[in-house]
Amino acid sequence: MTAGVLLVEHVLLLAHPPAAAILAFAVLSLVLLGNARDPALALACVGLVTISWDRVSVRTGGMTLKPAYIAFTLALLVEILRNLDGAPLERIRERGRLVRVAVGASLLLLAVATVRGGYLLEGGRQLFVIVVGALVPAWVCFRLGRTPERRRTLVAWALAGAGLAAAFGIYQFGAGYLGLPAILSYTGTGAILDRTAGLSYEPAFFAMYLIAMLPAVVVLLLDPVDERTVRTAPHLLFGLLVAGVLVSNARAGYLALPLAVVVPLVSRRPRAIRSRPVMLLGATFAGLLLLSVAVRFDAPGFVAARLGSIADTTEQASNAPRLQLYEADRRIAGDHLPLGIGPGALGYYLPEYGYPVANPDLTRVVANNIWLQAVLDGGILGPVGVAVVIGVLFRVSRRSRDPYGRWLAFGAFLALTIGGMLTSNFWDARYWSLIGLALAADMAAARTATPALQ
6 MTAGVLLVEH VLLLAHPPAA AILAFAVLSL VLLGNARDPA LALACVGLVT ISWDRVSVRT
66 GGMTLKPAYI AFTLALLVEI LRNLDGAPLE RIRERGRLVR VAVGASLLLL AVATVRGGYL
126 LEGGRQLFVI VVGALVPAWV CFRLGRTPER RRTLVAWALA GAGLAAAFGI YQFGAGYLGL
186 PAILSYTGTG AILDRTAGLS YEPAFFAMYL IAMLPAVVVL LLDPVDERTV RTAPHLLFGL
246 LVAGVLVSNA RAGYLALPLA VVVPLVSRRP RAIRSRPVML LGATFAGLLL LSVAVRFDAP
306 GFVAARLGSI ADTTEQASNA PRLQLYEADR RIAGDHLPLG IGPGALGYYL PEYGYPVANP
366 DLTRVVANNI WLQAVLDGGI LGPVGVAVVI GVLFRVSRRS RDPYGRWLAF GAFLALTIGG
426 MLTSNFWDAR YWSLIGLALA ADMAAARTAT PALQ
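Heads up: the sequence shown begins at 6 in the numbering used here, then just goes up one per residue.
By construction, these hints were calculated from the structure, which means they are not laboratory data. Fair warning: there could be bad hints in the mix.
Between beta-carbon pairs, the in silico distance windows are [unchecked claim]: (1) G109 with L82: 13 to 23 Å; (2) R336 with L386: 13 to 23 Å; (3) D317 with S190: 26 to 36 Å; (4) G184 with D340: 47 to 57 Å; (5) L386 with V308: 37 to 47 Å; (6) A363 with L113: 31 to 41 Å; (7) A110 with R369: 22 to 32 Å; (8) E332 with I385: 13 to 23 Å; (9) G306 with V117: 48 to 58 Å.
Where is the CB? At the ideal position from N, CA and C, for every residue including glycine.
Using the sequences and the accompanying hints, generate a full structural model.
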């Protein structure tokens, strides 16, 4: 049933504008809701597969409606109705409790800053999107992911969604060079090559989402038993994710990609370092190198130039305007301590500080850095909530006895630390769904004497 819903959605994506796909998605989700044996799980799986479909969305009332939001919200309602008998929820362990406190305090700070700043409509929209687009997916994944069977199903569909996004992005990238029709247009360029964002808004989001999933794929490659359980094709998936990161042409992706593969490997026994992921990584890079030779493209020179440009503060394609934005962000934050300006208000302040805003929708202007965004939105205490969540992810990635918990947490940690230095992605649904799954797996493993999966 879930696969049927997604198949129809892809047909609609090819034949109709996004608005039609969203409407049909809602109808098909309701059909799924009434016919699936476990409707909450099925809807959550649909949400995880479509979680990267940023550009298949509808902008209405100052908010962006995405397919995954519908699916996760329906899954939440199903779970609420299923638990109306008053059965108490299991207590969240210390690390999960820290995240709950940090999130609650952050929402309170954002609400206070919204009232103080006076941009009530913009701030209210932002708070609504945070709840529906980040915390609802996290709660649903956490709630459903505490049993091994459901967790395996959720992870399998999440991995399938990442592979689909990578394959779509690779096709989009190659279409311009091969003369094929591009399903969704994207005009961004970077250095020598065009770059693609796949189904996401921009290359940085696309690349970091794929990187966040890579550690889980490496675990599948190291564990043949679990590979059969999750029912994925990890060799193909690994190659798709790596290639998808490279064609996104996002420098944060280049920096984080080695960590996403190497860290899970070195955490194993020494002999495991010589296992399939190492050979597959080498084969992937060798294949890309041979392809670049065939099309007469200087791949090593291109990568070296992109990495070298990181320290070039005068580069007009990215660094210079980004640094100017950061300077304006810093001055705005300094003038509005301790409560900040409130979420959704940055676009109204930047022109006053000498930074022109080209986006006609001022509520969509962001700081392009999760730490600056936090202090702008919620004041000096805002970054504390960010630090708590990132610290919990780091701790789970080091100590969880469940491989899902450990490596999903590590993937989200990479995305929020390296990617968060260049984008305002802290409240992104992709990473909060991983946080929910990671905490669920960590808590489930801690309740038992042995890890949930070996």
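Hint by hint, which ones does the structure fall short of? Per hint list: zero violations.
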